[in-house]
Structure formats: C-alpha cells, structure tokens
Amino acid sequence: MNRKLFTFIVLIGICTYCFFLFRETGKIWSAEYKAGNAVARPIFISDTDMFKELERPPVGFYHDKHTVALEKEGCGVCHLQDEKGRFIFKYPKLRDEKTRQSLMNSYHDNCIGCHRERAKAGKKSGAVTCGECHVVKKGYEEWLRPVELDHYLHYQHEKALDKKCELCHHLYNEEEKKPIYKKGTESSCRDCHRGKEGGKTASFRKAAHADCINCHMEHNREGKTAGPSNCKGCHVEMKQRTISEMLAVPRPERGQPDKVIISSEDARMKGVPFDHRSHESYTRSCRTCHHKTLNNCKTCHPLKGSAKGNKVALADAYHRASSGRSCVGCHESKKSEPNCAGCHHSIKGALTNGYCLVCHSGSSREDQAVRRLETLNASLPEMAPEVIDIGVLKKKYMPVRFPHLAHVRKLFEISNRNRLANYFHADKAAICAGCHHYTPIEHKSPPPFCRDCHNVSFDLQDLKKPRLVAAYHLQCINCHKRMKLKPLKCTDCHAEKLMDKSLSHKNRSIKVR
-19 MNRKLFTFIV LIGICTYCFF LFRETGKIWS AEYKAGNAVA RPIFISDTDM
31 FKELERPPVG FYHDKHTVAL EKEGCGVCHL QDEKGRFIFK YPKLRDEKTR
81 QSLMNSYHDN CIGCHRERAK AGKKSGAVTC GECHVVKKGY EEWLRPVELD
131 HYLHYQHEKA LDKKCELCHH LYNEEEKKPI YKKGTESSCR DCHRGKEGGK
181 TASFRKAAHA DCINCHMEHN REGKTAGPSN CKGCHVEMKQ RTISEMLAVP
231 RPERGQPDKV IISSEDARMK GVPFDHRSHE SYTRSCRTCH HKTLNNCKTC
281 HPLKGSAKGN KVALADAYHR ASSGRSCVGC HESKKSEPNC AGCHHSIKGA
331 LTNGYCLVCH SGSSREDQAV RRLETLNASL PEMAPEVIDI GVLKKKYMPV
381 RFPHLAHVRK LFEISNRNRL ANYFHADKAA ICAGCHHYTP IEHKSPPPFC
431 RDCHNVSFDL QDLKKPRLVA AYHLQCINCH KRMKLKPLKC TDCHAEKLMD
481 KSLSHKNRSI KVR
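Going letter by letter, the sequence shown gives residues -19 to 493 in my numbering.
Careful: at least some of the hints might be erroneous.
[What the hints assert, rightly or not] Within a straight-line C-alpha distance of at most 25 Å, the following computed BS3-like cross-link-like pairs (lysine-lysine) qualify:
| # | residue 1 | residue 2 |
| --- | --- | --- |
| 1 | K250 | K284 |
| 2 | K445 | K328 |
| 3 | K78 | K250 |
[What the hints assert, rightly or not] Here are the simulated distance ranges between beta carbons:
| # | residue 1 | residue 2 | range |
| --- | --- | --- | --- |
| 4 | R221 | G342 | 31 to 39 Å |
| 5 | G179 | Q136 | 28 to 36 Å |
| 6 | A450 | P426 | 20 to 28 Å |
| 7 | D62 | N275 | 29 to 37 Å |
| 8 | H59 | G342 | 53 to 61 Å |
| 9 | C110 | A293 | 50 to 58 Å |
| 10 | F404 | R248 | 38 to 46 Å |
| 11 | E393 | R248 | 33 to 41 Å |
| 12 | H271 | K444 | 34 to 42 Å |
Treat the hints as calculated values from the structure; they're not laboratory data.
C-beta: ideal position from N, C-alpha, C; glycine also.
Please take these sequences and the hints and turn them into a complete structure.
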C-alpha cells in the first residue's frame, strides 16, 4: 500500500476515535454539570502536621462523589458519632496517630479496605493502588469558596430556629469549662474560631462542619426544612440578592447605633458623622466591615496601633485604599462600577487632601444640606454647545455629531442619584472634569479645547501624550467600554464618506488637520 495513503487512513482513524471519545466525554461532563454531582475542586489529604514532607503527591479526595455513592449507607461509613449521635467529621474514624506509619496505615485500611469490599460485592468502587490515588497534578492548593452567611441567610436561620440565638451563638465560660449563651454578645463564629486550632478552640472549619452540618442533618431526619449537608450546597458563589428577597429581611439587632460621630480623644481631625443604619443596607453581612469582632474599630486599632490589631493604626484602618474593609477602600472600589468607571478610570491616584473635610466635618449629617449638583444652566458656561461637530478625520469620515449636553445631562442624573457622589461631587465643575481632565476647571468658565493640549501630530517633547485622534478615541471608547455602553464600532460614530474609486491609494490616505 502506498505509504502516504496508509498514513492518511491512520490519521482518519485517529481523528474519528477522538471525535467519538470527546463527544461521549462531553456528554458525561454535561450530565455531571446539570445534575451537580461533583465539586470542581477536591480536598487534598496530606496531614502535613504529621507527615511533614510527603513522599508522594497528596490524594485529591472528591467528597461529594463519595456522599452520592454512599447515600444509603450514610456518613457513618467514614465518620464516628459521639454520645449524642452527632457525627465527628474527622477521618479516618479509626485513626492511629502514634507514628507516621500508623497514620498512613489508618488511611489505607479505611480507603483501600472499603474499595476492595465494594469490589467484592460487585459494586462500583475506587482505586486500590498507590499511583491511582497519589496522582501528580499541577498545584496542590486546596480551595473551596468560603461560606458566607449574609443578612438574608442569617434571617432564614432566625426564622427556622424561632429566633433561638443560643443554638448557634455562645461564649466559653472558663469557670464552668463549657460554652454558655449571653444575650447581647452574639458575634461571628470566626471571632473565636480562626483559621487554625488554638488550644481547646476548634478551627472555624472544624466548628462549622460539626455544628452546621449536624444541625442540617438533624432537621432533615425530623422532616423539617433543612440546609445542605454536602460541599456544593454551601461552598457556592454568593449571588446578588434581589430587592424582593431583601424587603422581608429586618435589620439585624445587636445594640448598634443608628448614627454616630466617629472620633478619638487624641485625634487632631474633626469627627466623622457615620450613618451606621444606612451602611448596613450596602453590605452582605456585618463581617464586611467588622472582620474580627463586632467592636468598634478603635478597640483593636488605636491611634498608634497595637499588637491586637496587627499594628494597624486607626488612621490606616479607616483610610487604607487597598483594603475592602476600610472606609476609603470601600469607596474607592465603587469607582469601578459601570456608572462611575466612565470618568474615574482615567483619574489616577487617590483623593487629595482637599477632600478630607467632606467626611471630617465634625457635625451630624442632619446639620448639612443634601449636596446635589445644580441644574445645567447654573453649572455650565453660557455658550456651552448642545452639539459639537468633531471633524478630525473628515478626509475619510463625516464629522462626528457629538451630543455634548445630552452626555452632561446623563452624568448629572447619575451623580445626583448616587448618595456617595452627592458628597464628593460637591464641586460645581466636577462632572466637566471627567472629560476635561488635567486642566483647571472653573465654574461657569469654558474649559480649553482638546486640541489645545493634544496636537494633531505627536508631541516630540512629550511622547507619552496621545495625539488628537488617539485622545478622542481613548476618552470616548474607554468611557463606553467601562460603562458597558454602545457605540464602539468606527461607523457607529463616524458616517463613512462615499469616495471616488478612481482615486489612487495615495490620494485616499488620511491626512489629519
């Protein structure tokens, strides 16, 4: 047989095999995705405290696959139960931690032993050899999306548990050596149960699995409405709650003030009026701001910092722009939202010192008038054009009809609807500065034209400054992209000119004036 023909037939065979293989695999993936049978990431079994350096790669354990396969047998196959019948989510349940070898044998006896028993019984089973479980994979970092109990979920638990806060919240009494409930001290579980175990205090992971899953399973056995007891039920991306969902959720009461002036005795700046109640409606949970305890910030972050607050001083706790929990950091993050990003994406740097007094007023908000931008007539120069014809590319395109005042009206409307902007857009020329940047903007005075700073050709003295055509496109298109608006295509703005086809390519080239 011709060698080329033989090679061609072999390639056709391989392609056909791959096609059917991927098609069937795709069906399996699709079925798993639709049924939600598996969690994307496994739990890596490594027990690094005992094993230290591993001889083989850690075992990637898919917990939800096992709970589905062993649904009839239940959790007792792998986990022990205490005297109250609550599961102890520790594995293996027969665990010998005397030596490294004995602990390894505990895993092998439980896992491989179960797999072999199921195989003998003719049931679907798992791996029994080293290389089938200890598989080399890129990266072994275990990550499941952290569980977040937002205001909505907290309220669902309140209703289901008849507002019996003591079922979840407790303090540890040193004298009685047991957890007790004290009204008015309810806080996040993470306040005491941290990332790792400390002394007799269980880690958050251990405490949450022991209390939450056992409670859900108990409610399920009693025929009551219960929460999930598998990984994918809790470790999911938190969705944005709808208005209808949140309307029925009452304000969480923990003795917090409605409004307060944040101040410190030794501070030199005036206090900041803070509307605690209104900020609650902008957060998912109390932990959005109170990341360790529900105490006020200066308890852990005094003016000069302390070990209790990781040496983070009070000013830094409120003003660190990179932190999502600080006031300034949270406000900075709002600039990336579509309605704000159109202007703010091009404004480099944080707030200037001139904005300090916007917050540090020392008086309550009731003493201040609501700050809104004035009407267009009161803010714009008298000769502000309704429409501007931009003809930089008039050789190839018709001039762009830019609806100047329509843009300004819309930006005024967006700004006046935004409560945060009400405070920081107090300058009457604030909206104009979004486009007319890097130039002094004076109230009622016409700003410079774009061409006054951006030359038609490159400025050899400042190569970083875009020429006029680039400046228009950077400003307009970037704004549209950030605000998720159209138009974005060339002819959406530039009506193309009908050109004489007899003209040479050279004569039709763009010459910007």
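Checklist line | Pair hint K445 and K328, alpha-carbon separation not exceeding 25 Å | finding: Since the Cα atoms of K445 and K328 sit roughly 15 Å apart, the hinted pair holds (cutoff 25 Å).
Check: Taken at face value, is the distance from the CA of K284 to the CA of K250 at most 25 Å?
Finding: holds (17 Å)
Notebook entry, point to check: Regarding A450 and P426, is the given constraint of 20 to 28 Å on their beta-carbon distance met?
Noted result: holds (24 Å)
Notebook entry, point to check: Has the hinted range 33 to 41 Å been met by the Cβ atoms of E393 and R248?
Noted result: holds (39 Å)
Next item on the list: Using the Cβ atoms, figure out if G179 sits within 28 to 36 Å of Q136.
Entry: Given a distance of about 33 Å, which is inside 28 to 36 Å, the answer is holds.
Next item on the list: Using the beta carbons of H59 and G342, state whether their distance is inside 53 to 61 Å or not.
Entry: holds (58 Å)
Checklist line | K78 paired with K250 [C-alpha distance capped at 25 Å] | finding: violated (61 Å)
Check: Does 31 to 39 Å hold as the CB distance between R221 and G342, or does it fail?
Finding: holds (35 Å)
Checklist line | Supplied distance hint 34 to 42 Å, evaluated on CB atoms of H271 and K444 | finding: holds (40 Å)
Next item on the list: Could you tell me whether the CB distance from C110 to A293 stays inside 50 to 58 Å?
Entry: At 53 Å between Cβs, range holds.
Margin query: Within 38 to 46 Å: is that where the Cβ-Cβ distance between F404 and R248 falls?
Written below: violated (22 Å)
Item checked: Assessment of proposed distance window 29 to 37 Å (beta carbons of D62, N275) -> holds (34 Å)
Going down the numbered hints, you'll see the structure goes against 3 and 10, while the others check out.
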